[in-house]
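Undergrad: Those protein sequences? They're chains D and Y, same order as listed.
When we follow this note's numbering, the leftmost residue of the first sequence carries the number 1, and every step to the right adds one.
When we follow this note's numbering, the leftmost residue of the second sequence carries the number 1, and every step to the right adds one.
In short, the hints are calculated from the structure, not lab data.
Quick caveat: nothing in here was measured; it's all calculated off a predicted structure.
Pairs count within a copy or across copies, as identical chains cannot be separated in the list.
Simulated pairs of lysine to any residue, SDA-like, Cα-Cα distance not exceeding 25 angstroms: (1) Lys97 - Leu30; (2) Lys244 - His202; (3) Lys205 - Ser243; (4) Lys244 - Leu158; (5) Lys244 - His259; (6) Lys244 - Asn163; (7) Lys217 - Ala309; (8) Lys85 - Thr60; (9) Lys205 - Glu195; (10) Lys16 - Gln50; (11) Lys244 - Gln167; (12) Lys244 - Thr204; (13) Lys244 - Phe166; (14) Lys205 - Gly145.
Protein chains: 2
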Amino acid sequence: MEKVRFGIISCAGIAKKRFIPAITGASNALLAAVASRDPEKARQFASDHQIPEAYGSYKTLLNQKDIDAVYIPLPNGLHKEWSIKAIEHGKHVLCEKPLAPTQKDCEELAAAAKANGVTLMEAFMYRFHPLTEFVIRQVHNGELGDIHAIQACFSFVLNDPDNVRFQPDLAGGSVMDVGCYGINCTRTFFNEEPEAVSAVAHYTKPCVDDRMTIYAKFRSGKQAQIICSFSSQAPEGYMISGSKGWIVSSNGFRLGVEHGKIIQEIDGIRSSFEDATNEYTKMIEHFSDCVIHKTAPRYDAIEAGRNMAVICAAMESAEKNGEWVRLK
Amino acid sequence: MEKVRFGIISCAGIAKKRFIPAITGASNALLAAVASRDPEKARQFASDHQIPEAYGSYKTLLNQKDIDAVYIPLPNGLHKEWSIKAIEHGKHVLCEKPLAPTQKDCEELAAAAKANGVTLMEAFMYRFHPLTEFVIRQVHNGELGDIHAIQACFSFVLNDPDNVRFQPDLAGGSVMDVGCYGINCTRTFFNEEPEAVSAVAHYTKPCVDDRMTIYAKFRSGKQAQIICSFSSQAPEGYMISGSKGWIVSSNGFRLGVEHGKIIQEIDGIRSSFEDATNEYTKMIEHFSDCVIHKTAPRYDAIEAGRNMAVICAAMESAEKNGEWVRLK
Numbered sequence: 001m002e003k004v005r006f007g008i009i010s011c012a013g014i015a016k017k018r019f020i021p022a023i024t025g026a027s028n029a030l031l032a033a034v035a036s037r038d039p040e041k042a043r044q045f046a047s048d049h050q051i052p053e054a055y056g057s058y059k060t061l062l063n064q065k066d067i068d069a070v071y072i073p074l075p076n077g078l079h080k081e082w083s084i085k086a087i088e089h090g091k092h093v094l095c096e097k098p099l100a101p102t103q104k105d106c107e108e109l110a111a112a113a114k115a116n117g118v119t120l121m122e123a124f125m126y127r128f129h130p131l132t133e134f135v136i137r138q139v140h141n142g143e144l145g146d147i148h149a150i151q152a153c154f155s156f157v158l159n160d161p162d163n164v165r166f167q168p169d170l171a172g173g174s175v176m177d178v179g180c181y182g183i184n185c186t187r188t189f190f191n192e193e194p195e196a197v198s199a200v201a202h203y204t205k206p207c208v209d210d211r212m213t214i215y216a217k218f219r220s221g222k223q224a225q226i227i228c229s230f231s232s233q234a235p236e237g238y239m240i241s242g243s244k245g246w247i248v249s250s251n252g253f254r255l256g257v258e259h260g261k262i263i264q265e266i267d268g269i270r271s272s273f274e275d276a277t278n279e280y281t282k283m284i285e286h287f288s289d290c291v292i293h294k295t296a297p298r299y300d301a302i303e304a305g306r307n308m309a310v311i312c313a314a315m316e317s318a319e320k321n322g323e324w325v326r327l328k
Numbered sequence: 001m002e003k004v005r006f007g008i009i010s011c012a013g014i015a016k017k018r019f020i021p022a023i024t025g026a027s028n029a030l031l032a033a034v035a036s037r038d039p040e041k042a043r044q045f046a047s048d049h050q051i052p053e054a055y056g057s058y059k060t061l062l063n064q065k066d067i068d069a070v071y072i073p074l075p076n077g078l079h080k081e082w083s084i085k086a087i088e089h090g091k092h093v094l095c096e097k098p099l100a101p102t103q104k105d106c107e108e109l110a111a112a113a114k115a116n117g118v119t120l121m122e123a124f125m126y127r128f129h130p131l132t133e134f135v136i137r138q139v140h141n142g143e144l145g146d147i148h149a150i151q152a153c154f155s156f157v158l159n160d161p162d163n164v165r166f167q168p169d170l171a172g173g174s175v176m177d178v179g180c181y182g183i184n185c186t187r188t189f190f191n192e193e194p195e196a197v198s199a200v201a202h203y204t205k206p207c208v209d210d211r212m213t214i215y216a217k218f219r220s221g222k223q224a225q226i227i228c229s230f231s232s233q234a235p236e237g238y239m240i241s242g243s244k245g246w247i248v249s250s251n252g253f254r255l256g257v258e259h260g261k262i263i264q265e266i267d268g269i270r271s272s273f274e275d276a277t278n279e280y281t282k283m284i285e286h287f288s289d290c291v292i293h294k295t296a297p298r299y300d301a302i303e304a305g306r307n308m309a310v311i312c313a314a315m316e317s318a319e320k321n322g323e324w325v326r327l328k
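Taking the hints into account, I'd like the entire structure generated from these sequences.
TA: Written as structure tokens, this is what we have:
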């Protein structure tokens, strides 16, 4: 296999806006097909984006022998179901985050991928941007000294109450959809799982938060403060504070969408770094490389499950108006 | 009285670095004297800064009839004692923050000031900077829509373990010294008192935190996430998030020290504002104006007590490893 042949499950906006332009630039992957439950929609989408094949059902796409891998940009609540089906059809799976609604679900997916010998990865694209990789190196190499705290925020205003992100049966809610970034970057930069979390939320519907603030404490004494919201304006990114220096990202979760920029100050010396790399392309290339060479991806579904454990603990705490919830 | 004649109680660094350059620029105040417990130190300080009189004890200064007001930059734990003594000598008092270690202490000071007919104000200089005044107007006039959350941070590295800020008997600790800013700006911008706070701290000595993260919830649903530290590097300032827009300060608590700057985005339109005003001068002028015209200061010692109530609740929560502490 020289290039991984991808099919997209559904015509979601993120596929059009992010995945298709990204795969066009990938050296080891190509887009071979798209599937929609509506055959006409699939044909139109394929025609609009020069995709060779269009299928009128997801299952039909999964039955194609010439498809190696699928990209799943479905609503959050459908990620697990279609990841499992794709895995059982022997397809490698790159699925949008969050991979599944609980840690246990992620572990089931990991087991299914292993049993079927396929690569499964959650699409946390920001981790593949060269600036994120630089931040991770700086932090883990001790350039900022001992790391003490993070403040992170990912928030935008979603005015359509019918949006899938507000549907309880589709794993809606801001913590699930964008809070996952602040939690993921904290765990990644700290290289540690939280001991306990406290969260306070505002709900539009039962169980669907339109905003949440999360507070996490770690055994090492590190602290994280995270904001996520579908009803608030706020600059997106994170601030990492250490004993010797700090790093601030101005658009750390979508560095490639706008021109990515981070600022760091170490021992009083400030530097800024810019990089316009498309992080989706980097992610697709890494995933495809793992598929081609049968190597393990940078992070797996077990790791995605650990992120979900924190999200679920935050949701539980928010339901109890901020009561601390311990992680196992 | 055309100009308020100030005496400084002690030769603290902040008097030299901030207060003296500021009062030189004030239209309605002048610096008439300085007092130190060491007469030679007082003489040298007066000579270095062209201050007309030097006294070898604080009491001697308080006994001078030609002194209208005192500025108190003593270590935090001495603020109350010397504020009371100055008030009882009929002096108006501008005291560095925090005014006193508990809400009750602040209320006692307020009562003493009232009984003696003098003006008493805690020196929260950042509130007098034109950019802070602009932020308060934007927020309170609803320009950012409904306000949802704040993240604030004030942190620097203090390497000297003998510094007064590390002394338990002098009301040391980072939450007392710099956490007071994040708490103050949250209460000021939200125009609301927190319902409960949770905090986690790291201690260098019993009861003296060298860093703390604070999480506050409000009845209206607003949320605050605050970092303060004597052992961490971090950019200083705050981010206010609302339904229509946000404001970020890059150096919001010391806008006049460096060239002050804030950025706001409302309905997707980003603007930035710069202003190099010395906020200490503005504060001294406001205080002196209140003394001259016998008017109430913008905020009083009762208000300072409310800030202390939050600080004390955070300290209590941190002692209990983050347990929520309700405010009365």
